[in-house]
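Visitor: Sequence:
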Amino acid sequence: MTRSGGSPKWGENVTERSRCGLALLLAAAIMAFTLSEPRAEPAERTTAAAPIARVIQQRGEVEVRRDDAELSSHLGRLLYEGDSVVTGAAGRVLLEFTDRSLLALGSRTEVRLDDYRVEGAVGSLKGLLTLLGGILRMSIVQSTKAEDFSIRTQTAIASARSTDWIVEAQPSETTVFVVSGGVTVADAARGASVRLSAGEGTSVTGAAADSPAAPEIWGAKRAADALSRTGRE
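Residue numbering for the sequence shown follows the working numbering, starting at 1 and increasing by one per position.
Possibly wrong hints are sitting among the right ones.
As the list claims (entries may be wrong) - Listed below are the simulated EDC-like cross-link pairs for lysine to aspartate or glutamate, each with C-alpha atoms no more than 20 Å apart in a straight line: (1) 126 <-> 114; (2) 221 <-> 164; (3) 145 <-> 164; (4) 145 <-> 96.
What the hints assert, rightly or not - Restraint-style ranges between C-beta atoms, simulated for each label pair: (5) 213 <-> 54: 34 to 42 Å; (6) 122 <-> 210: 32 to 40 Å; (7) 189 <-> 133: 13 to 21 Å; (8) 115 <-> 210: 27 to 35 Å; (9) 90 <-> 56: 33 to 41 Å; (10) 82 <-> 57: 38 to 46 Å; (11) 184 <-> 74: 16 to 24 Å; (12) 74 <-> 133: 21 to 29 Å.
Since the hints were derived computationally from the structure, they do not count as laboratory data. All C-beta atoms, glycine included, are put in the ideal place defined by N, C-alpha and C.
Hey, can you work out the whole structure from these sequences and the hints?
Guide: Right, dumping it as structure tokens:
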């Protein structure tokens with residue numbers, strides 16, 4: 001039955017109201033889902049920053065720390081300035097920078113990629129890595145000229161040009177060994193320094209008055225042990 005004036009039946013009004021209510025509920029649900037949808041993992045930067053390195057080999061437990069987030073590492077993972085790379089008890093990882101230089105990390109190691117820039121036609125490298133603990137091997141390609149590049153630990157600063165060297169950081173001592181090329185090693189607190197050539201090593205302890213120690217030729221066994229611990233023979 002239809003009321004005078006052509007008004008819809010009561011039941012039709014309820015149906016229309018129900019449809020409106022359902023539409024509102026659906027819209028609210030969509031909005032809630034959009035707001036609660038988890039953010040994408042910050043695997044890659046969304047800013048204009050360009051990556052400075054990538055993971056090309058790894059085994060065991062390896063993670064990347066970025067902007068207070070912990071990310072799993074994988075082959076091809078892009079790395080940016082400010083990222084930290086951490087290896088576990090059996091973890092090892094090999095990073096390749098944009099100029100093809102290589103950074104190998106042994107187990108129980110943490111390094112922060114503070115700065116890495118290759119500028120100009122001649123490939124002038126300027127940068128800084130902070131080794132917070134563990135052992136690493138840095139190999140700068142010959143085509144790159146490291147004019148202002150250093151690896152810093154709590155007790156030492158190791159600076160080099162085109163070279164290949166190992167740095168191991170412990171709480172109170174830093175050990176540096178040169179595979180090829182030359183490295184200047186300075187006591188971070190005192191400023192005193194020594195120059196190492198291929199096959200030579202030194203140690204830096206903040207408490208020692210004669211730190212860094214005089215350059216010393218490492219025997220084949222000691223050198224081979226350090227090389228093997230970075231995963232690159």
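Visitor: Evaluate each hint against the coordinates.
Guide: To see whether the hints hold, each was checked on the structure:
| no. | hint | result |
| --- | --- | --- |
| 1 | 126 <-> 114 | 11 Å, holds |
| 2 | 221 <-> 164 | 18 Å, holds |
| 3 | 145 <-> 164 | 13 Å, holds |
| 4 | 145 <-> 96 | 16 Å, holds |
| 5 | 213 <-> 54: 34 to 42 Å | 36 Å, holds |
| 6 | 122 <-> 210: 32 to 40 Å | 38 Å, holds |
| 7 | 189 <-> 133: 13 to 21 Å | 18 Å, holds |
| 8 | 115 <-> 210: 27 to 35 Å | 31 Å, holds |
| 9 | 90 <-> 56: 33 to 41 Å | 19 Å, violated |
| 10 | 82 <-> 57: 38 to 46 Å | 23 Å, violated |
| 11 | 184 <-> 74: 16 to 24 Å | 36 Å, violated |
| 12 | 74 <-> 133: 21 to 29 Å | 23 Å, holds |
Checked against the numbered hints above, the structure violates hints 9, 10, 11; every other hint is satisfied.
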